[in-house]
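Chemist: What follows is the residue order along each chain.
There are 2 protein chains.
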Amino acid sequence: MALSFEVAAASQSGGRRGALHLPHGTVQTPVFMPVGTAATVKAVPQDTLEQIGADGAGAEMILANTYHLYLRPGHELIRRMGGLHRFMSWSRPMLTDSGGFQVFSLAKLRKITTDGVEFRSHLDGSSHFFSPEHSMEVQIALGADVMMAFDECVETPATWQRTRDSMSLTHAWAARSKQYFEAHKHEVPWAQPVPHPSQLYRDGWDADNFAGRTQCLFGIVQGGMYPDLRRESAERLVEMDFDGYAIGGLAVGEPPEVTREMIARTLEFLPKDKPRYVMGVGYPDQIAEYARMGVDMMDCVLPTRAARHGLLFRAVEPGELQPVKDAIGEEESPGESWTGESSATPSTIRMNIKRVEYAEDQRPIDPACACPVCQRYTRAYLRHLFMSREPLGATLNSIHNLAFYLDTMERVRKELAGL
Amino acid sequence: MALSFEVAAASQSGGRRGALHLPHGTVQTPVFMPVGTAATVKAVPQDTLEQIGADGAGAEMILANTYHLYLRPGHELIRRMGGLHRFMSWSRPMLTDSGGFQVFSLAKLRKITTDGVEFRSHLDGSSHFFSPEHSMEVQIALGADVMMAFDECVETPATWQRTRDSMSLTHAWAARSKQYFEAHKHEVPWAQPVPHPSQLYRDGWDADNFAGRTQCLFGIVQGGMYPDLRRESAERLVEMDFDGYAIGGLAVGEPPEVTREMIARTLEFLPKDKPRYVMGVGYPDQIAEYARMGVDMMDCVLPTRAARHGLLFRAVEPGELQPVKDAIGEEESPGESWTGESSATPSTIRMNIKRVEYAEDQRPIDPACACPVCQRYTRAYLRHLFMSREPLGATLNSIHNLAFYLDTMERVRKELAGL
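Protein chains in written order, with this note's numbering: chain A, 1 to 419; chain B, 420 to 838.
This is chain A alone, in the form it adopts within the complex:
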């Protein structure tokens, strides 16, 4: 069995409170997954990640990037180490992306054929080739609970015809991904006896505990900003019968209204009994909004990347005026994977900790936040760490932002459960 998914409660607007049972544990949905690009959620130790946010439940599932880990340290090394969970000492569920997005956004000199993509590493310029089959091989070696079909990511903006051609290639690759996966899924490292187990293996990591369990594979809906293509893509993928469905190719520069519209128009055509995942979103208000619309899984680099740039999220305080967009201290340019600002009334304020107004501010980042950073450190101290480029600044900022995201999702889960 790969996964089972139960929906315990659903709202009028389509939001679902559920539970996703995976080989490495059960995940309460809707879930936000912190991104651990290179088998580490940047600057945050694993034990901290297990404890922060969501009433102490911590991050129940994290994501790692196939492209990065394939290049360094290499998927065969990770396979020999017993898979990604054991390699990084993370015993909870994980998801790997297909590598497609990074090949198209980071690698150099791409050459795309119907067979796959030839590209050069952004690390050392070496040549590599990713096909649907190779992406599956790499993802099976990594051994995340959830794998993603290999997809082409079309540039933005793209014409209807260009988008449709790309989508059709994605569908062909999805079919090939599934075929390879079904033939090889028994090779996942955590289902194999390990010849030289590390003394650091944790309880429950014996291959015996995974008897009969396999990874699962999600398809990725493409179709750009065209509702008719989104529908077509959803229908074709559902015909192929994946374990879950992702909505890809969003938050790539389009206005947030368009992102929301594309999500809504795609969700209509996805089965209600399977998990739905929107990749690479978003701001706290957006992840809450998408969860209320019926999205079960999301991931984003924003909380950790913003943290390293000194951007901290906090709740609007009772009685505090709603912030004006230009007055909330956003000075850093958002990174390539950030989403636009939500058009809904924001309940979240972004603080730029480097601003001089925080130099002697003895309050925590967010007086309503229960995270260990808000329980111990002042804005004045966090500003000092940031201005002094001290590594502890990135760590503490990341811990707070991740806790804020996990808490946001916990609030939505309670709301959807009617609590």
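Hint data in this document are derived by calculation from the structure and do not stem from the laboratory. Computed from a predicted model, the values in this text were never measured in an experiment.
Sample of chain A residues with no beta-carbon within 12 Å of chain B, all distances over it, derived: (1) H184; (2) T348; (3) E415; (4) G418.
When the alpha-carbon atoms are kept at most 20 Å apart in a straight line, the in silico DMTMM-like pairs for lysine to aspartate or glutamate are as follows: (5) A:K354 <-> B:E495; (6) A:K108 <-> A:E155; (7) B:K773 <-> A:E76; (8) B:K773 <-> A:D124; (9) A:K354 <-> B:D543.
Just so it is clear, CB atoms sit at the ideal spot from N, CA and C, and this is done for glycine as well.
For this one, chain A is given, so just place chain B on it according to the hints.
Modeler: Just chain B now, with coordinates in the frame of chain A:
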């Protein structure tokens, strides 16, 4: 009362097992103090520092650098925040250096007169002046439990006459330091009511709890590599009656035999009933050796700086051959404050985690170490983090090395207590 110091047991070789009672708590001696240059032990959260090493007692006392904090964020800001303890949320004892060593090693365009030192900031080139009185003013604003008299640090090597002239200036400055300190020690911020206390103030941080307590001031013995000058310096400082005595100007490039000889020749002339502190040393075998000779306090950037360069300390395993110096993988050039290698038979091995032999090594750094890094992560994973320049690598490496140092000192304490 500034401090009280009890010696509970002493060895034949002069080593002492004691306890140092300071305004922010009691420190078991001999103690190793991690260095928190800019009000942060680089890359390590305060709560981790409170828990690692020494059977879970963690770091009982840490050091911060007066020069760095004077420049950024500024001592007056820290005074307004209630002092360094509250600013960085560290409720245990602290020590600040005098700023002298950094002025002489980091600042540009120094101009020394008998009055003090004019220098330019290494951060922005701005002009500043440090005198003994100003160093005291800054250190009182920072509010560490132990302050250091302002000293001149002579270049190495230096002639006998040059060293004696410098030492005499240090003595004059020591007397001025003490005079200013005695007149102003009641100004320490933690003994003042704070007009706007932070909600993050911890239990026991009320000014009331410090009624009648002040900081204490240590003198610094100089005299370079000349035993007669070391004796003269010790005798002059003891006449001035400081709360404790530091041995400065060592580990600045001289052979380790000379460092040990200078420590031994100075300890003879320091009172047995006051704490003795050797600044800026050393490797694990050295700190153990100096503690056995009768040194009560030490600090060094080595465990954290080495960690950031991927150098990890571990115990020689039972039955393991003693390492040959050239075979232990030291490739990084040691930083300016590192000491030379101990001449004693080493019980410690330095691992360079970037070496390819660790790429698939599933053992912890040190199988005998109880630190959270050795309990959870493999050498293979730590190597991956280092090679990928992931910030978690610096954090985990620093946690292990600090725990190794704190454990080393705990073992020496037990040995000195006859346990």
